[in-house]
Structure formats: C-alpha cells, structure tokens
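*Asks:* Next come the chains, spelled out residue by residue.
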Amino acid sequence: QKEVEQDPGPLSVPEGAIVSLNCTYSNSAFQYFMWYRQYSRKGPELLMYTYSSGNKEDGRFTAQVDKSSKYISLFIRDSQPSDSATYLCAMGETGANNLFFGTGTRLTVIP
Amino acid sequence: DTEVTQTPKHLVMGMTNKKSLKCEQHMGHRAMYWYKQKAKKPPELMFVYSYEKLSINESVPSRFSPECPNSSLLNLHLHALQPEDSALYLCASSQFSTGDQPQHFGDGTRLSIL
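Taken in sequence, the protein lines are chains A and B.
The numbers in our numbering rise by one with no breaks, and the one at position 28 of the first sequence is 28.
Count along the second sequence from 1, add 111, and you get the number used in our numbering.
None of these hints come from the bench; they were simulated from the model.
Note that this is a predicted model, so its numbers are computed, not measured.
Mixed in with the good hints, there may be bad ones.
Derived list of chain A stretches under chain B, where covered just means 3 residues or more per stretch with a C-beta under 8 Å from a C-beta of chain B [as the list claims (entries may be wrong)]: (1) 14 to 26; (2) 46 to 56; (3) 98 to 110.
In silico DSSO-like cross-links for lysine-lysine, where the CA-CA straight-line distance does not exceed 27 Å [as the list claims (entries may be wrong)]: (4) B/Lys133 / A/Lys2; (5) B/Lys129 / A/Lys42; (6) A/Lys42 / B/Lys149; (7) A/Lys67 / B/Lys130; (8) B/Lys129 / A/Lys2; (9) B/Lys151 / A/Lys70; (10) B/Lys152 / A/Lys67; (11) B/Lys147 / A/Lys2; (12) B/Lys130 / B/Lys120; (13) A/Lys2 / B/Lys152; (14) B/Lys130 / A/Lys42; (15) B/Lys152 / A/Lys70; (16) B/Lys130 / B/Lys147; (17) B/Lys133 / A/Lys42; (18) B/Lys147 / A/Lys42; (19) B/Lys152 / A/Lys42; (20) A/Lys42 / B/Lys151.
C-beta: ideal position from N, C-alpha, C; glycine also.
If we strip away everything but chain A, and leave its shape as in the complex, we get (with noise of 0.2 Å):
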C-alpha cells in the first residue's frame, strides 16, 4: 500500500462546478499537508499549505484536512477552463527530510 493514495481521474467538469481532489494517507505521523498545480510543461505550483485539521480558504480554493481518517480534500469554487491542470497532494512529517506526493488527478474544466 502506498502511503499517499489520490484518485488519478481523469475529472472533467463543466465551468463554474465546484471540484473536490481528495488523497487519503496511511501514515499517522503526517502533519503538515499541501496542494500543487501543475501545468503542462511548467513545474508544480504551490497552492495550499496547512498542518492542521479543518479547513484554510484562499480566494476559491479551500484545503481541508480530517487527520482522524486521514483524508485531506481540495475544493475549488466557481472553476474556470484556467483551472484545468493535474493537482498533486502532498504530506510532510517533523523530523523527514523530503515530502511524499500523491500520484496526482488530472483535471479538466470545459467551458
């Protein structure tokens, strides 16, 4: 069992659908929890950080994190054709010299 699981799609939604990314975890000892964009032909972007549970809110996007089943979830409001990229998750834990990554969900946003 990998130790980052996330749903590769790949997802297409109609413009202005509310998206939902979700990666769930085995390892308990993951505390510190992020989202990243990536383009094609373009390296991945930092979108969201967070290390604790509940929910961060930046402009349309929400991470929440539910460290008791070990699901982390990315909400993207209002999505756009702009938005159409693969969304990577990935943890930390204190102590670890490098992130593990999920394998990534490729989405598209039609307009």
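Since chain A is already given, all that's left is putting chain B on it; use the hints.
*Replies:* What follows is chain B alone, placed relative to chain A:
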C-alpha cells in the same frame, strides 16, 4: 514566473554526451532538491542538499552527479545517460530540509536522450 529558475528548458543529448542542468533560487532557502518526473507520474526524489551538503541520495545511478556550489545554486551533471533517463528534471527549494517546509519548484528541464 517561478522563483526557482532552471536552465536549460529543453535538452537533447546523446548517450555519450556530458551536460549539466542548472538551478538557482534567491529566496534564501537552505535546502535544495532534484526530482525526476515521468509523464503522468508524480515527482520522484533524487537528491536533497541541506546547507550545501548532500543529505539524501535516493540510490540514484552514478551517471547523475549533483553539485551545490553555494546556497543559491544547484547543478546536476549528466554523463552516459540511457534512453530511460528521458524525463522532466525538476529543482525545488525550501527554507529547511524538514517535512514541515513546503517546497517551491522550478519549471524543469525537459531532457531527451537519443
């Protein structure tokens, strides 16, 4: 534009060539990373530098040789690569090399081995 700059953006090389990839950051970060990313896969960690010292080598073949000349620069020297080494090579940096630090990525070098 990203705050981590990688050059070149594209590189085509033969299996006998020697080339280098370069990465630069001016965020004052003390940790820098090399990743390899194949199509439709997540980034795969290769090397971690912390305070200019190599702290992690994820069993990478010796045909890849990293170098950290100073806290802002990271190089990856390539020699005698194989076709399966064709990939996007990403550089990243973070404040420190600990799991609580988000990493910031460059846009990568797309490498093709003929």
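*Asks:* Hints first: check each against the structure and report whether it holds.
*Replies:* Status of the hints after comparison with the structure:
1. 14 to 26: violated (count 0)
2. 46 to 56: holds (count 3)
3. 98 to 110: holds (count 7)
4. B/Lys133 / A/Lys2: Violated - the C-alpha atoms of A/Lys2 and B/Lys133 are around 32 Å apart, more than 27 Å.
5. B/Lys129 / A/Lys42: Judged against 27 Å, a Cα distance of about 25 Å means the pair holds.
6. A/Lys42 / B/Lys149: The given pair, whose Cα atoms are some 13 Å apart, holds under the 27 Å limit.
7. A/Lys67 / B/Lys130: 45 Å, violated
8. B/Lys129 / A/Lys2: It is violated: about 35 Å lies between the C-alpha atoms, which goes past 27 Å.
9. B/Lys151 / A/Lys70: 24 Å, holds
10. B/Lys152 / A/Lys67: 26 Å, holds
11. B/Lys147 / A/Lys2: 19 Å, holds
12. B/Lys130 / B/Lys120: Answer holds: B/Lys130 to B/Lys120 is near 13 Å, not above 27 Å.
13. A/Lys2 / B/Lys152: 14 Å, holds
14. B/Lys130 / A/Lys42: With Cα atoms ~21 Å apart, B/Lys130 and A/Lys42 stay inside 27 Å; holds.
15. B/Lys152 / A/Lys70: Holds: B/Lys152 and A/Lys70 sit about 22 Å apart, inside 27 Å.
16. B/Lys130 / B/Lys147: 16 Å, holds
17. B/Lys133 / A/Lys42: At roughly 16 Å apart (the allowed maximum being 27 Å), A/Lys42 and B/Lys133 satisfy the hint.
18. B/Lys147 / A/Lys42: 13 Å, holds
19. B/Lys152 / A/Lys42: 14 Å, holds
20. A/Lys42 / B/Lys151: 13 Å, holds
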